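Visitor: In case you want the letters, here they are:
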Amino acid sequence: MLINCVAYQNGVKLADLPIDEISDYLGRPDCFIWVALRDASDAEIDKMQEEFGLHDLVAEDARHGQQRPKIEEYDESLFVAMHMVKVVDSNLEVGEVSVFVGRNFILSIRNRSDQGFQSVRDRCEREPELLRLGAGFVLYALMDAVVDRYFPVMDDLETQMETIEERIFEKGSALANIEMLYELKRKTAVLKHAVTPLMEAVGKLYGGRVPPVCTTTQEYFRDVHDHLTRINSAIDTMRDTIGTAILVCQSTVSVEQNEINKQLAAWAAIFAIATVFTGIWGMNFKFMPELQWGYGYPVALLVIIAVCGFLYRHFKRSDWL
Amino acid sequence: MLINCVAYQNGVKLADLPIDEISDYLGRPDCFIWVALRDASDAEIDKMQEEFGLHDLVAEDARHGQQRPKIEEYDESLFVAMHMVKVVDSNLEVGEVSVFVGRNFILSIRNRSDQGFQSVRDRCEREPELLRLGAGFVLYALMDAVVDRYFPVMDDLETQMETIEERIFEKGSALANIEMLYELKRKTAVLKHAVTPLMEAVGKLYGGRVPPVCTTTQEYFRDVHDHLTRINSAIDTMRDTIGTAILVCQSTVSVEQNEINKQLAAWAAIFAIATVFTGIWGMNFKFMPELQWGYGYPVALLVIIAVCGFLYRHFKRSDWL
Amino acid sequence: MLINCVAYQNGVKLADLPIDEISDYLGRPDCFIWVALRDASDAEIDKMQEEFGLHDLVAEDARHGQQRPKIEEYDESLFVAMHMVKVVDSNLEVGEVSVFVGRNFILSIRNRSDQGFQSVRDRCEREPELLRLGAGFVLYALMDAVVDRYFPVMDDLETQMETIEERIFEKGSALANIEMLYELKRKTAVLKHAVTPLMEAVGKLYGGRVPPVCTTTQEYFRDVHDHLTRINSAIDTMRDTIGTAILVCQSTVSVEQNEINKQLAAWAAIFAIATVFTGIWGMNFKFMPELQWGYGYPVALLVIIAVCGFLYRHFKRSDWL
Amino acid sequence: MLINCVAYQNGVKLADLPIDEISDYLGRPDCFIWVALRDASDAEIDKMQEEFGLHDLVAEDARHGQQRPKIEEYDESLFVAMHMVKVVDSNLEVGEVSVFVGRNFILSIRNRSDQGFQSVRDRCEREPELLRLGAGFVLYALMDAVVDRYFPVMDDLETQMETIEERIFEKGSALANIEMLYELKRKTAVLKHAVTPLMEAVGKLYGGRVPPVCTTTQEYFRDVHDHLTRINSAIDTMRDTIGTAILVCQSTVSVEQNEINKQLAAWAAIFAIATVFTGIWGMNFKFMPELQWGYGYPVALLVIIAVCGFLYRHFKRSDWL
Amino acid sequence: MLINCVAYQNGVKLADLPIDEISDYLGRPDCFIWVALRDASDAEIDKMQEEFGLHDLVAEDARHGQQRPKIEEYDESLFVAMHMVKVVDSNLEVGEVSVFVGRNFILSIRNRSDQGFQSVRDRCEREPELLRLGAGFVLYALMDAVVDRYFPVMDDLETQMETIEERIFEKGSALANIEMLYELKRKTAVLKHAVTPLMEAVGKLYGGRVPPVCTTTQEYFRDVHDHLTRINSAIDTMRDTIGTAILVCQSTVSVEQNEINKQLAAWAAIFAIATVFTGIWGMNFKFMPELQWGYGYPVALLVIIAVCGFLYRHFKRSDWL
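Listed in order, the protein sequences are those of chains A, B, C, D and E. Under this note's numbering, think of the first position of the first sequence as 1173, with each following residue one higher. Under this note's numbering, think of the first position of the second sequence as 1173, with each following residue one higher. Under this note's numbering, think of the first position of the third sequence as 1173, with each following residue one higher. Under this note's numbering, think of the first position of the fourth sequence as 1173, with each following residue one higher. Under this note's numbering, think of the first position of the fifth sequence as 1173, with each following residue one higher.
Be careful, since some hints might not be right.
Given that identical chains are not distinguished, each listed pair holds provided it fits within a single copy or across any two copies.
Cross-link-like lysine-lysine pairs, in silico, DSSO-like; alpha carbons within 27 Å at most [stated by the list, open to error]:
(1) K1488 / K1434
(2) K1258 / K1359
(3) K1458 / K1359
(4) K1219 / K1242
(5) K1219 / K1343
(6) K1364 / K1376
(7) K1185 / K1219
(8) K1343 / K1376
(9) K1343 / K1242
(10) K1434 / K1185
(11) K1359 / K1488
The set of hints was computed from the structure by calculation and includes no laboratory data. Given the structure is predicted, the values throughout are model-derived calculations rather than measurements.
Extracted from the complex, chain A is given alone in its bound form:
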């Protein structure tokens, strides 16, 4: 589905184009074309391949979707695949955006995501002196938008982690905590798959040999790289913390077990001693003088209660009960 197809000249919007006129404008020296598609059909991709002369392999990639984030150079043009990650009902939904960048055009195809880039286009059109930098700057602006949307996702994961940490030493919640930690670890893996390969790829857009379309905007890509490094390092820390937290949960289970066992032992001892006493006075020996006493029975009950009470206090004090 076509969203926009606009020609710019010297950083200023020239016209909304019908797709078929793209090739006319591509020839003009100062002209620059920016096309945005969403959930593009094969036919649309074929059309684009023809207009912009895309390589077979990248067109293939765009048709199939499900790319790893990557940046590939084809002669003068660049193919960029990025993941778009969004929190929906505390799950992570992953969409994709493929960006094809040439000397004087940029084509973005967004798949399975409702997060658009209108705001990027607006920002670029408001800053013609930057838009004049051409395709490289628009690529930066798109990347910056994609990467900026990773931060709230990371924040969401960190909030979840904090929720777990607040109750990690609570008794009885170990299994629920482990379940949440496992879920959280899976989410970090999803985000990491979006961030790490992109980070590695963006690292090649500044510093050393740089694709021609990016040379004038290297410092911007370094900024994107820096953001990705920050998220990546936050993810790594969280993954490490999750590992430790699972160990902690396992320990709380074992400690709880010890407490249960102690209580079990203490009550067993109290009841057992009472049983022994009643057993003794239940024996059938002929000469058991206390059985004949008038107050034998209440005294016996008192003795039993006293012994049990003593044990109870003893266990209470040594923290077994």
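Based on the hints, put chains B, C, D and E in the right spot on chain A.
Guide: Just chains B, C, D and E now, with coordinates in the frame of chain A:
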């Protein structure tokens, strides 16, 4: 066993050759020969070594099989060893394919695998303009076919992982889950042995210094490398997840143990209190007035039932029963 | 909030400047300006950007704060972001300092931290022959001050670790220890986030190609790098030790459990044997000669006590009690 | 102890030499000397150092033994230290072989190992066209022999691993399995110490800058490197598998514990209910009508048996017994 | 405290010098001065800094001590910091030695260690042809001495590890073993801190670009590097083994727990069945014929003993007792 031996000229099939005529065609300038063997005998390999002038060491490798995936350069020719992995009855079967690539020939020997490459040959013959690129393109087409067959294997492993995850917090299934996780980890190791060394080797077929037969098809090899990277990273994630899942299983066992112990303790307490009461009224004191009452016995039973019932409710409420 | 704005010439303080005169002094050949801000407002940053011609992206970074420690080169100038870590009530508080270094100026902006750099300025003014080295030396002096403040933090963490280690094999303290270890691990992560990226960045200020402002002070930056390496390696060791210590705590819990179970078993046996004996003499057989004996009862009690005593001694000896 | 000392010319054996004539033959242009020692005495090493002009440090190394596998270049000559690993009574015995390679000589000293290299010499003498390649080829042949002997060791370890895996989920064998896994891990460490450093060292004998004696046989060393890589990767996989297997064993112990606890709880319940019933009918209330019934006793027994039987079936069904 | 201050010429001792004459001898072309200090005071370091023209930063380092092992190049001179590790009462004591090497002098300062270098000086003076190589060789000799002293420390740790391994599967010793393993791991960390950074630093003293004072002795430094690599790899193996060993200890605790629980269950069953029987015959039913039998009581006792004995044998056989 010979499967095919075909000469091509300018991307078009010329003729099916008997093996002995190979050397005649090898001399022709535009000619290109593609031979496919399956479970080759030593005699066949000797014959091929003679016809194509293969190096002793690679002929040796082909005879022994059991290679690590690798790509080795010998002067102008290339030796490629790949693993073919297939799911058979939820086990992974590993076969091998050795490919010898020269300036104007390609020889593939497939061992212990029933996954053929007829479809690759058909595809190449349908696209003469690509086949005209020569041995490098055929090598790419073979690799692409091998690598594409890793994806369903990976999908199968991921399906198994999901099956385990669905019941990972179910009680009593911990051991079965761990057994399946252990099995799954072994399968990932098999797939990783096929993928990782090949990925590293293919990474040298584009970008920097590249073997002569691959120079015109670098972008294709980058595509293969990208696919291998994707599988490799999926395997790594799965291996990490398996480790965490085993920890989770261990935790569920411990949590279950706590629950068993709590029940044990609760029932022990209930029975013990009943025993103490019957013990008390079983004592032989002379003056135990309640023993003489007409309703002493039923009242006693009621007292015992009431106390036990009270304890039962107490344990139910505190979730021990 | 402006803290200082001073012009130096040949290492000697020239004058305290009002902000508006900065540009006048920047032009003078031997002059060097050192400005220090604290929790700078956007307006102040805008002013500074104008005066010193800072790049949009770094000004943006300074406005937002929350940078990873990093060193970025912009043409002739350098942007350095560092974390300032401080122990407050046994928690770690993290502030930031952003430093902008040009050929003849240095601007530091400190955020969310009350640890000032007056001592650095004093030290520099006392050593005019070093201050004459210019912006590179002041940058070193600031870095050195920041890094030196990591050492007491590390010492504090090591003291906590030692406290835990002293009681790591104490019974009953496992959960408290694990809680402290978990807390400690989080703190090491905070410190590591300050140290490791800075270490990597500083490693590029000496040896190979070095930013122009740092060329004359390379040996000083190597010294800073060496300090950071030392802290970094101490953190890594501590993180590894924490992992082992958690395993140890888990083991003490299990060992304690064994001891509890042994005690439980031993007391259960003692009471059970007594119960069996009282049960036997409580049976209603007509002919049980010992029941008729005059000393039957005390003998029975003695037998019971003797058997229980014997068991008690047995368990004591085999260390179950 | 001298085993062989032979001079070759153009790949053909010339003569068995006494040690003292070595220097005479070393001078001849096409001549090549191959000396083999076993458990050499210090005197023999001194003699060899003198004859071949070995560097002090390598002679020192040869005297002390206990080297890490390594390859060191000294001007025109090469010093190679390798471990020889052998399975003896399911233990691994480690010997060493030190090889000194010069332009026209090769000296091998074998220590603490009864695995000789006569077969290597025979093979070389049978292939004069290869032996003519000189010291580099003999070095390859020796290395190849050493490395080929690692494979049966690895196979042995894998057989042991499979034995353990067959019974890893068997109850009661956990401790024995862990013991064997621990033992196996130690053996993999021994083999890894032989393989990994050698692999890294051999990686420098082909491809980039290569020591002069190895230039003509680079492809052979790549083959050795490939074999070492294969073993190394098999070891790494095994070590990882052992780690997982120990986790699995720990889990089986915990699962078994749960089963024991369930049985304990079930039997405790059955006996306790019986005790309560006997206690009830053992009470001394005056009016307990059932005690007077003629069939009271058998009915009581039946009731007790029925209740216990019901519980038993209940526990059987819920898999606690 | 000054230990030695000697001037050498052409590898031969010239004279013991008073400190103040150092500068006189430094000027002479073939002369070489070797100074050794121990626990040097600040005044002594100031003096040395003046005599040898040491850089401020290294003098600072020498004053503070507590360096990481490192090798730093300052123009023509070299600063080397090494740790000296010694076993004292089964603890590791760490001292330091700082070595300053110039074109024609070497200065060593030893701190907090009683392990001197007189033997090194003696060895050097005995080999004037090596001593003639100058400062580079003396540096090697000192390093070699320091590194050689790591081996007995490593041996000591390995002996401790073996002691633990001998009893690792013994029952009841798990906690003591874990305590020793934890202690051992800390010691390996201490040794690793001495070895690993030094290994990395020494790796730069041969092969590529090498500091001028070391060029003639590269092969000697390669030998030192080789020794350090060996120790480093032994430490890594041991750390890995310790991790596995702790897992093993945890498992023995769990297995022991299972055995305790089995015993507990078995004895509970035996006593419980006896209690049930005594309870039955203690019931007050009017018609219980066996109670009237003359041999009822002894028969009852026999029945009880028989049943208990049967259970006992049953548990013995199934290995629960």
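Visitor: Which numbered conditions among the earlier hints are violated in the structure presented, ordered from lowest to highest?
Guide: 3, 5, 8, 9, 10, 11
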